[in-house]
Each structure stands twice: as structure tokens, then as C-alpha cells.
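Visitor: Model the full assembly from the supplied sequences, consistent with the hints where possible.
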Amino acid sequence: MIDWEPLLLTFRLALVTTLILLVIAIPLAYWLAYSRSRAKLIVETLVGMPLVLPPTVLGFYLLIAFSPSGAFGQWLDSWFGIRLVFSFSGLVIASVIYSLPFMVQPIQSGFANLPASLKEASYVLGKSRMETIFRVLLPNIKPALLTGTVLAFAHTIGEFGVVLMIGGNIPGKTKVASITIYDEVEALNYDAANTYSLILFAITFTILLLVYAVNKRYFK
Amino acid sequence: MLELMLNKKLHSAGGTMRLDISMDIKRGSFVTLYGKSGAGKTSILRMLAGLFVPDQGKIIVDDETWLDTQHKINLKPQKRNVGLVFQDYALFPNMTVLENLEFALSKTADRKIIKDLIEVIELGDLQSLKPATLSGGQQQRVALARALVRRPKLLLLDEPLSALDSEMRQKLQEYLLKVHQEFKLTTILVSHDVPEILRLSDYLIQLEKGLIIRQETPARFFTKQTNAKLLSVERLKENYNLSILINGQVVQLNIPSIEFEEE
Numbered sequence: 001m002i003d004w005e006p007l008l009l010t011f012r013l014a015l016v017t018t019l020i021l022l023v024i025a026i027p028l029a030y031w032l033a034y035s036r037s038r039a040k041l042i043v044e045t046l047v048g049m050p051l052v053l054p055p056t057v058l059g060f061y062l063l064i065a066f067s068p069s070g071a072f073g074q075w076l077d078s079w080f081g082i083r084l085v086f087s088f089s090g091l092v093i094a095s096v097i098y099s100l101p102f103m104v105q106p107i108q109s110g111f112a113n114l115p116a117s118l119k120e121a122s123y124v125l126g127k128s129r130m131e132t133i134f135r136v137l138l139p140n141i142k143p144a145l146l147t148g149t150v151l152a153f154a155h156t157i158g159e160f161g162v163v164l165m166i167g168g169n170i171p172g173k174t175k176v177a178s179i180t181i182y183d184e185v186e187a188l189n190y191d192a193a194n195t196y197s198l199i200l201f202a203i204t205f206t207i208l209l210l211v212y213a214v215n216k217r218y219f220k
Numbered sequence: 221m222l223e224l225m226l227n228k229k230l231h232s233a234g235g236t237m238r239l240d241i242s243m244d245i246k247r248g249s250f251v252t253l254y255g256k257s258g259a260g261k262t263s264i265l266r267m268l269a270g271l272f273v274p275d276q277g278k279i280i281v282d283d284e285t286w287l288d289t290q291h292k293i294n295l296k297p298q299k300r301n302v303g304l305v306f307q308d309y310a311l312f313p314n315m316t317v318l319e320n321l322e323f324a325l326s327k328t329a330d331r332k333i334i335k336d337l338i339e340v341i342e343l344g345d346l347q348s349l350k351p352a353t354l355s356g357g358q359q360q361r362v363a364l365a366r367a368l369v370r371r372p373k374l375l376l377l378d379e380p381l382s383a384l385d386s387e388m389r390q391k392l393q394e395y396l397l398k399v400h401q402e403f404k405l406t407t408i409l410v411s412h413d414v415p416e417i418l419r420l421s422d423y424l425i426q427l428e429k430g431l432i433i434r435q436e437t438p439a440r441f442f443t444k445q446t447n448a449k450l451l452s453v454e455r456l457k458e459n460y461n462l463s464i465l466i467n468g469q470v471v472q473l474n475i476p477s478i479e480f481e482e483e
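As given, the protein sequences belong to chains E and G, one line each in that order.
Read in order, the letters of the first sequence are residues 1 to 220 in my numbering.
Read in order, the letters of the second sequence are residues 221 to 483 in my numbering.
Errors might be hidden in some of the hints.
[To be verified] Taking CB as the label site, the calculated pair distances span:
#, chain 1, residue 1, chain 2, residue 2, range
1, E, 214, G, 422, 47 to 55 Å
2, E, 215, G, 330, 40 to 48 Å
3, G, 327, E, 38, 33 to 41 Å
4, E, 46, G, 387, 53 to 61 Å
5, G, 387, E, 11, 56 to 64 Å
6, E, 203, G, 340, 52 to 60 Å
7, E, 116, G, 294, 18 to 26 Å
8, G, 294, E, 31, 18 to 26 Å
Simulated from the structure, these hints should not be mistaken for lab results.
From the three backbone atoms N, C-alpha and C, an ideal C-beta is built for every residue, glycine too.
Guide: Okay, structure coming up:
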């Protein structure tokens, strides 16, 4: 029988990451969709970087930043007693950055595709910006929210390079399924690797299938 | 009732132009803004609603200053209480007709207004439907009702009937006249449609390239544009027969003697 811990850890990581991303991505996507600030172009580019950057590059710089021998890592350690290298919290932060575009971009285009008159109508009817966001804008971009959430979740499950750089493979703490598969292959345990792979394959397939099915019905 | 001075450089497809207008609108009047597209009509409505800020300007409604760039006053759209009917209606797709109306109701307001509006604008059968399932004319009525929930003093209509067929237009013009009187509104309409303007409004302001070029009653405005001439008056037994030349065509009018002599 295989060890379930890496799989559980993977889903815990994906869940925590997705929840944090939802909180961060909605205001960020809103700002990117409606702001006319010049900084927008830079921020948009930065958010999109993880799409093209090798995960190892991101992992490498996070490793440097979080390392207790560096200035930032030292400050975190002495002020808060937090060590982000080779820890679950470090993995969460890295995953949030790594999966950010997968959450932000669908929500941003969801906002951008809504007719501007909806927002304006709500304002003219006396509703504040917050009330407009929660009662008018978000309910009308549900498919985009769902797509972003699921893509971020699935993408975090598939993470490898970043985790390897910053998390290592400490069982129960940072050894997620993708790392375990790599380990098993290295140790020539193809059967175990195959089992993990099949499980990941089946789960991600089901998730994506559900999303596409739901979104199709939504647009009809 | 409404004192308006607006000045703003506008960028449009045809280059830049300067909108520079001032007008005074009486309480209870039904004013049409008339002019080619790109003349600045929609911009004026948006500035009144607070969705668009002029470079310089002043908007005073019933002694309440909504905008005064000189004194840095600019009330947010939320504080202005105008009813605005958008060209695309802007109904909230996630809400039913009733929910769209309820959304507009402030927490302290009396719910009775919704009942009244549903009755006046005859929305009873549509209440539980979502906007996407409604026809254009029905959506238009909902948008009109929703704009009136907050009991605005000022109703702004941005070419509200342009997407409807003529039969629907007539029906909706009736609703517009009805609510204009019943809710004692001051209404500003953007329209191109001559019969519609004649039927609804009592004052017309013509705009061209951001400037007001003419303003008077619609009847007089459109009369002067045609070249009409009385050709002859012929007395018959009970009637007078008038021949009138309009735009190169002769029109015969038959009027009973009694009516003619009274005039």
C-alpha cells in the first residue's frame, strides 16, 4: 500500500493556497481591470511572470530571500520566529506567487468583459463600491471565479520545481505528491510512482471536467 | 430647478472637441437634447449623473450644489439621486425583475414605491423573470421602473427607445408621459426621433460639436425646418379647403367652417 501522506499534503497545500489566492486575487484583478494607473502595466507583467518563468528561477530567488542567512530571512526569524525555507508556510507563499496568474487573469477578464454600465447603474442607484462589487459584479462573473479557483488549485497540485527548490522533500512537511513521484522513479519504484501518477491524473481530470461542464451549462 | 454649466475637452472618433454649454431647465419640463451623434449629448447626461467629470462646471439642482469645480465640490453619483436609463438598460443579469427594483431601494425607504411602479408600468407578470428572458421593450420598462425607485427629481433618458420597433415605441412613450406626470419629474431625453420628440418633450436643445446652437419648443423647431407656404383658401358649403405647399408637395386640408372661423 502506498503512503497517503504526500497526497494529503498536496491537497492541503492546494486548498490553503487557493483560499489565500481568492482573497488576494479578487481585489488585484478588480484593480487591474478598472485602474488607469501607469503602474498597472508593470503589475500586470509581474503577475503574469510565473506563466513563462521556469519554476526553478522563482524557487531560487525565494530560497535566497527566505534563507535565514539573508537579510529578509534573518528579519523574519528574529522578529517573528518564522523560517520559511523547507517549511509548509514557505511552500504556501511560494505556491501563492506561482499560481497567482491562474487566479488573477480569469477574474480580471471576467470584470473587464462586464458592461461598464452595470457598475455605473449600481452607483447611480446609490450603492457603494463595496456593495456594487459583492452584489452586482462578483455574482455576474461566477464562471470566471470558478475557472480561476479551479485552475489555481489544479496548478498548485502540479507544482514541482518551486517546491523542490524551496521545500525540499521533508516527509509530512514539504514532500508533496509530485516530489514523491520523482523520488520513487529515482529509486526505481515504478509501481509506486505509477500509483501516485494515476491518482493525480484521475483527480485533476475530474476537476477540470467538472469545471468545463459547469461553465458550459452556465453560458447556455 | 436645474442650472447647468459644463466645459470639457472630449476625445472622440472624430478628433477632439470642446463641450461648452450652459442651460437652465424649469421644474417639470421635458427637455430633449437633439443633435448628431458625437455632439456631446450622452456626455452631458453622464456629467449630470456624476459618472463623468467636466474640466470646469457647475450643476445646481433645487439650490443643492452637485458640482462646482471652482469650489471643488463634486457629489458622487450615489449622492445625486438622479434616475438614469442607460442605452443598454444595464439591468443586473443575476437578479429577477423584482430584485432589480428592490436593489435600488434604500434601506429606510418605503417599499410601497415598488408596488406603485409595478402597477403604473405594468410589470406584474414579469416580476420573477430574469432580464435575459425579457424582450427589449420589457427590459426597457424594467429599466425605467428601476430608475424611479429612488424617487429622483431628475430623470435622464439616453436614447431609451432607439432599439425598439415603432409599435413598442408608442407604448413606451405613453409610459414615459405617464410617469413624467405622475412622479412630477423633470426629464431630459436624448433622442433623434422626430415624432417621439414632438410627442414627449416641451423644449428642445440642439447641440452641434459640443455647443448649443438652437433651443425652442419642438413644434416650432421642426416647423421652421420645412418650407411650407399657404397657396389658397377656398370656401365650400360647410368647409374650407386649404392648399398648402410643403417641401415641394401640395397638401390639401379640409376644415369645417365653424372650426376655421373660431381660429
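Visitor: Work down the list of hints and note, for each, if the structure agrees.
Guide: Cross-check of the supplied hints:
1. For residue 214(E) paired with residue 422(G), a C-beta distance near 53 Å keeps the hint of 47 to 55 Å intact.
2. Taken as a hint, the range 40 to 48 Å holds for the pair residue 215(E) and residue 330(G), whose Cβ atoms sit roughly 41 Å apart.
3. Between residue 327(G) and residue 38(E), the C-beta spacing of about 39 Å keeps the proposed range 33 to 41 Å intact.
4. Checked against the hint of 53 to 61 Å, the pair residue 46(E) and residue 387(G) passes, with Cβ atoms roughly 55 Å apart.
5. In this structure, residue 387(G) and residue 11(E) meet the distance hint of 56 to 64 Å, their C-beta atoms being roughly 60 Å apart.
6. For the pair residue 203(E) and residue 340(G), the supplied restraint of 52 to 60 Å holds, since their beta-carbon distance comes to about 56 Å.
7. A hinted range of 18 to 26 Å holds for the C-beta pair residue 116(E) and residue 294(G), which are about 20 Å apart.
8. Judged by the Cβ atoms, the range 18 to 26 Å given for residue 294(G) and residue 31(E) holds: they are separated by roughly 22 Å.
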